[in-house]
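Student: Chains as they are written, first to last, in the working numbering: chain A, 347 to 648; chain B, 347 to 648; chain C, 347 to 648; chain D, 347 to 648.
In short, the hints are calculated from the structure, not lab data.
Certain hints may be false.
The list treats identical chains as one, so a pair stands whether inside a single copy or across any two.
Mimicking DSS-like on lysine-lysine, the simulated pairs with C-alpha atoms at most 30 Å apart in a straight line are [as the list claims (entries may be wrong)]:
(1) K524 x K603
(2) K517 x K616
(3) K517 x K603
(4) K500 x K415
(5) K376 x K415
(6) K500 x K517
(7) K500 x K376
(8) K524 x K616
(9) K524 x K376
4 protein chains.
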Amino acid sequence: MAHVLGQNQYGKAETRVVRIYRDSTRHEIKDLNVSVALSGDLDDVHLTGSNAHCLPTDTTKNTVYAFAKEHGIESAEAFGVHLARHFVDNNEPIHRARIRIEEYAWDRIRTPDNSARFIGSEEVGHSFVRSGGEIRTAQITYDGDSFQVISGLKELTVMNSTNSEFWGYIKDKYTTLKEAYDRVLATEVTARWAHSWSGAGDQPNWERSYTHVRRHLLEAFAETYSYSLQQTLHAMGSRVLNNRAEVDEVRLELPNKHHFLVDLEPFGLKNNNEVYFAADRPYGLIEGTVHREGVVPVIPVA
Amino acid sequence: MAHVLGQNQYGKAETRVVRIYRDSTRHEIKDLNVSVALSGDLDDVHLTGSNAHCLPTDTTKNTVYAFAKEHGIESAEAFGVHLARHFVDNNEPIHRARIRIEEYAWDRIRTPDNSARFIGSEEVGHSFVRSGGEIRTAQITYDGDSFQVISGLKELTVMNSTNSEFWGYIKDKYTTLKEAYDRVLATEVTARWAHSWSGAGDQPNWERSYTHVRRHLLEAFAETYSYSLQQTLHAMGSRVLNNRAEVDEVRLELPNKHHFLVDLEPFGLKNNNEVYFAADRPYGLIEGTVHREGVVPVIPVA
Amino acid sequence: MAHVLGQNQYGKAETRVVRIYRDSTRHEIKDLNVSVALSGDLDDVHLTGSNAHCLPTDTTKNTVYAFAKEHGIESAEAFGVHLARHFVDNNEPIHRARIRIEEYAWDRIRTPDNSARFIGSEEVGHSFVRSGGEIRTAQITYDGDSFQVISGLKELTVMNSTNSEFWGYIKDKYTTLKEAYDRVLATEVTARWAHSWSGAGDQPNWERSYTHVRRHLLEAFAETYSYSLQQTLHAMGSRVLNNRAEVDEVRLELPNKHHFLVDLEPFGLKNNNEVYFAADRPYGLIEGTVHREGVVPVIPVA
Amino acid sequence: MAHVLGQNQYGKAETRVVRIYRDSTRHEIKDLNVSVALSGDLDDVHLTGSNAHCLPTDTTKNTVYAFAKEHGIESAEAFGVHLARHFVDNNEPIHRARIRIEEYAWDRIRTPDNSARFIGSEEVGHSFVRSGGEIRTAQITYDGDSFQVISGLKELTVMNSTNSEFWGYIKDKYTTLKEAYDRVLATEVTARWAHSWSGAGDQPNWERSYTHVRRHLLEAFAETYSYSLQQTLHAMGSRVLNNRAEVDEVRLELPNKHHFLVDLEPFGLKNNNEVYFAADRPYGLIEGTVHREGVVPVIPVA
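Given only the sequences and the hints, what does the whole structure look like? Please build it.
Tutor: Below, the structure written as structure tokens:
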């Protein structure tokens with residue numbers, strides 16, 4: 347039976363570009379990891395040995411560096427829009443570009459203000475410490491016609507030490523879990539959210555949008571009295587849609603980082619929800635999308 | 347604007363189960379990492395705090411262990427079929443189950459045959475060394491009606507030290523890459539292939555099918571004179587479809603593990619394709635699907 | 347030729363214990379990863395099959411959990427002192443205990459103060475977000491007689507975008523590096539520092555000591571005009587010894603996280619120290635100890 | 347109180363060099379990860395900003411590449427001896443060089459012999475698949491006078507499905523572990539062994555030595571009826587010393603990769619040592635040295 351070439355894409359992955367702005371003694375930095383994936387009229391590259399339609403991955407890497415100079419990096423999203431548009435609009439065989447970006451945040455190092463030692467503090471304009479916490483993500487796709495922008499974050503680990511229950515679930519012959527009326531709820535948030543902007547009009551203020559979406563996710567996690575991690579997931583996604591008009595869809599992947607109460611009775615001790623074992627594997631994994639009515643979801647399922 | 351709950355799924359991820367068969371002094375072992383994802387009538391779990399439709403992830407974990415005893419683990423695929431069918435057929439609110447499995451292979455430790463020391467060797471029936479090399483993967487999905495089985499492997503690293511060229515590609519203002527007429531080609535293969543079996547009739551011999559698909563991938567990589575990694579990808583996928591009737595679709599993800607020729611001229615030395623720097627990042631990433639004509643591809647794009 | 351059993355040690359590694367204090371609605375948490383290594387009169391355990399002198403690693407794990415309840419976790423160091431003393435003082439064959447601890451920090455999640463929305467903010471007493479940034483470390487060793495405490499941190503990534511030079515070094519036939527008069531200097535700090543306290547008198551205030559040592563490391567990195575990473579290392583270690591009387595020795599491991607200036611000239615662009623490639627491997631690795639005169643260094647070389 | 351500079355070292359870490367030999371159509375490859383650490387008269391580099399005694403880490407990297415061409419890579423150990431001697435003998439301020447090497451093994455890809463398809467097979471002279479399994483290690487230290495060579499391996503995972511017991515240990519108030527009379531014993535072997543060769547006379551046949559030491563480690567693991575992992579450790583080390591005259595000392599680090607029997611009774615099933623949960627953390631960690639009498643151990647304790 348004959349076979350055909352299906353979906354395919356290629357490009358340079360994980361180009362690590364750091365852009366420094368030195369307009370004053372107070373430097374600014376942007377630290378990105380950029381992955382390019384191009385699709386189009388590429389049958390010959392796969393079938394005949396002709397690379398006439400192939401823009402080398404090395405060139406996509408060079409373009410990332412050159413654009414960091416030519417356009418600067420205002421935000422990961424805006425940088426991705428520049429790149430995606432360039433690859434499609436300037437290479438006839440390339441019909442679609444998908445740019446994925448990770449961004450690592452840096453804080454300024456502060457040293458004591460000498461005029462007020464141990465009270466005020468002064469930032470050192472060229473010294474930075476990596477923020478840790480979450481990694482910011484962005485995915486920009488362009489097909490020559492319109493853009494699709496999905497912002498996100500990952501590795502944001504949160505914990506509620508109370509206000510979480512889990513009971514009333516299905517019991518079958520393989521059930522041993524005891525119902526819980528006060529448990530620890532911890533998860534490492536991976537979130538992606540799709541913007542309604544598709545190329546027409548001004549781009550949203552991506553930096554401001556990110557700050558607020560992140561804040562709403564944290565607040566919803568903290569303020570929700572939870573009967574399941576699913577319920578918390580829904581509260582987090584809804585909170586974003588209720589507050590950020592530029593966002594149409596939110597998808598969350600929430601591993602349940604189990605904290606099991608240690609049985610201290612063999613040692614003559616009572617564990618009043620004080621001592622927990624933080625387990626690695628296995629872990630519950632809860633995934634879900636919340637989107638505006640009438641909008642077709644675009645964020646891929648992992 | 348109102349919003350709605352979209353695609354969602356949940357289950358226990360990464361249950362590490364080891365099954366030992368002790369029918370003789372020659373033990374057999376199966377070593378799996380099993381992840382369960384269930385979908386269905388789960389709106390209430392997200393919206394109202396009722397868990398009446400929720401089979402706890404803890405129970406899905408218990409079921410993995412119990413089935414390892416009740417059904418044994420003939421193959422990752424057959425084990426996943428048991429699990430997926432169970433979750434959907436025995437829980438009215440669960441309409442779809444997806445089981446993902448990683449399998450780690452073990453070889454037998456052999457010791458010298460005492461009757462012919464240093465010539466023959468004798469396996470120790472209860473002693474094993476982990477094979478390293480690739481990890482085998484399987485994904486089994488069941489919706490109450492039919493099955494979809496995707497087998498695969500990852501972390502299979504291969505290298506051709508010659509018979510690879512790359513030239514004749516697009517040149518633009520960002521091009522600096524020099525054409526190569528004899529380069530090293532190395533990649534870490536991630537492959538997935540979809541089987542035509544969907545539940546009717548006997549299951550394929552999964553173990554035998556795996557052995558042959560893996561062999562064809564390796565042989566195609568070794569025997570293809572390559573003008574691009576895309577061409578090698580297509581040759582690998584085609585080879586499988588041409589030789590294995592039970593497979594309908596192959597998807598490959600091939601990072602180009604760049605080996606750059608080191609410039610030794612500053613040291614008065616000539617590098618005749620002998621000394622290479624093995625780079626980490628960035629790397630080219632080539633992905634593609636080959637499928638039988640008329641078949642709708644089912645393997646998700648990463 | 348006869349052989350003998352040399353240095354040996356054993357214990358449970360990586361016990362993940364989380365301790366929650368619920369004395370008010372403002373909870374406190376301590377999140378540790380504890381590894382125990384015991385040595386002593388253990389020849390029989392290795393040689394004869396007798397475990398009469400072996401305290402099982404499972405018991406050392408249980409002890410970690412029980413002590414989290416019985417003694418609480420005031421600091422990683424104080425907790426390690428409790429554990430080390432217990433193992434040696436209560437098990438005749440155990441002559442030495444070494445406790446290694448990693449501590450993960452958590453910040454409180456704050457939500458807008460409703461009475462002053464978007465101006466003030468209110469912490470949620472039971473909701474936390476993991477701090478990211480560095481991991482705090484501690485090693486406590488006890489031999490029945492005295493204690494040795496080594497505090498530390500790792501994964502603290504810092505960058506100076508200027509005030510770093512490197513020139514005037516040895517040139518030989520393998521030299522190609524160009525001298526640099528304004529380079530980016532970035533490193534991921536691993537630091538360990540030994541305390542003079544050895545068991546007599548009150549323990550130092552470990553939490554306060556840590557906060558100040560960390561601050562001095564950051565300040566010295568930021569304020570040092572650097573001619574080599576070695577010079578920066580020495581400045582960081584010296585700064586700690588000059589300011590913290592309780593510390594006798596500092597050891598630093600500083601990988602040079604190279605940021606290479608990208609050559610943009612092929613694209614007709616000038617790179618005024620603006621666009622860098624952040625490299626992974628290889629990397630320079632600079633290690634060194636600074637200690638008080640007359641003190642015998644105790645921190646092991648990696 | 348005055349402070350001084352103590353132990354310090356520096357160099358380029360993780361230079362990834364691949365050497366290909368193309369003397370016939372049957373290519374040979376060596377794939378190494380080389381880390382250099384130099385010590386000596388380096389006070390000024392740390393204290394004054396003068397780099398006059400500093401051989402840049404970039405130059406040590408270049409030397410690795412140049413030596414791969416000039417000397418070839420016969421074995422990791424012989425390559426390290428070349429490098430260490432060079433750095434010390436050719437740079438007056440450098441008094442000591444320590445070279446650490448990881449080696450990744452590759453197998454040849456074989457394809458069916460066309461003249462006897464599916465019976466014989468034919469290797470493809472330029473096609474390789476990475477072996478997986480263990481990583482080989484070597485550490486070579488030279489102080490201008492003599493050499494110290496420590497060979498080793500890591501990530502060699504082994505399992506015995508029977509012939510392991512653990513009982514008769516200390517019981518205290520924190521003991522809950524039940525004695526085991528037939529358990530699974532699994533570990534991921536890290537082994538290092540020191541050679542007696544110190545520079546005089548011919549070097550040992552490093553490749554042959556490695557093959558045999560590895561074999562003895564595996565055989566001792568498989569053939570030892572074990573009452574503790576300590577006992578297995580001692581048997582493994584002793585076996586090497588009893589059989590390999592060129593080795594003076596063996597150090598082993600053996601994490602106990604716990605396989606816990608799953609309790610299937612709640613499901614009405616009996617677990618006859620058939621179904622296990624492979625745990626991640628915490629894990630027992632057993633470390634120990636066996637050395638010839640009268641020899642001073644040199645392998646550092648982790």
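Student: All the hints need checking, so say for each whether the structure fits it.
Tutor: Hints versus structure:
1. For the homomeric pair K524 and K603, the shortest alpha-carbon distances inside one copy (17 Å) and between copies (28 Å) are both at most 30 Å.
2. Taking the closest pair of Cα atoms, K517 and K616 come within 30 Å of each other both inside a single copy (28 Å) and across two copies (21 Å).
3. In this homomeric assembly, K517 and K603 come within 30 Å of each other (Cα to Cα) only inside a single copy, at 22 Å, whereas the closest approach across copies is 32 Å.
4. With identical chains, the CA atoms of K500 and K415 are at most 30 Å apart within one copy only, with a shortest distance of 28 Å there and 33 Å across copies.
5. Within a single copy, K376 and K415 get their C-alpha atoms as close as 12 Å, which meets the 30 Å cut-off; across copies the closest is 40 Å, which misses it.
6. When the C-alpha separation of K500 and K517 is checked against a cutoff of 30 Å, the pair qualifies neither within a copy, at 33 Å, nor between copies, at 37 Å.
7. For the identical chains of this complex, K500 and K376 are neighbours both inside a copy (18 Å) and across copies (23 Å), given an alpha-carbon limit of 30 Å.
8. Taking the shortest Cα distances, K524 and K616 sit within 30 Å of each other both inside one copy (18 Å) and across copies (22 Å).
9. Taking CA atoms no more than 30 Å apart as the test, K524 paired with K376 passes between copies only; the shortest distance there is 26 Å, against 48 Å inside one copy.
Comparing the model with each earlier hint shows a violation of hint 6 alone; every other hint is respected.
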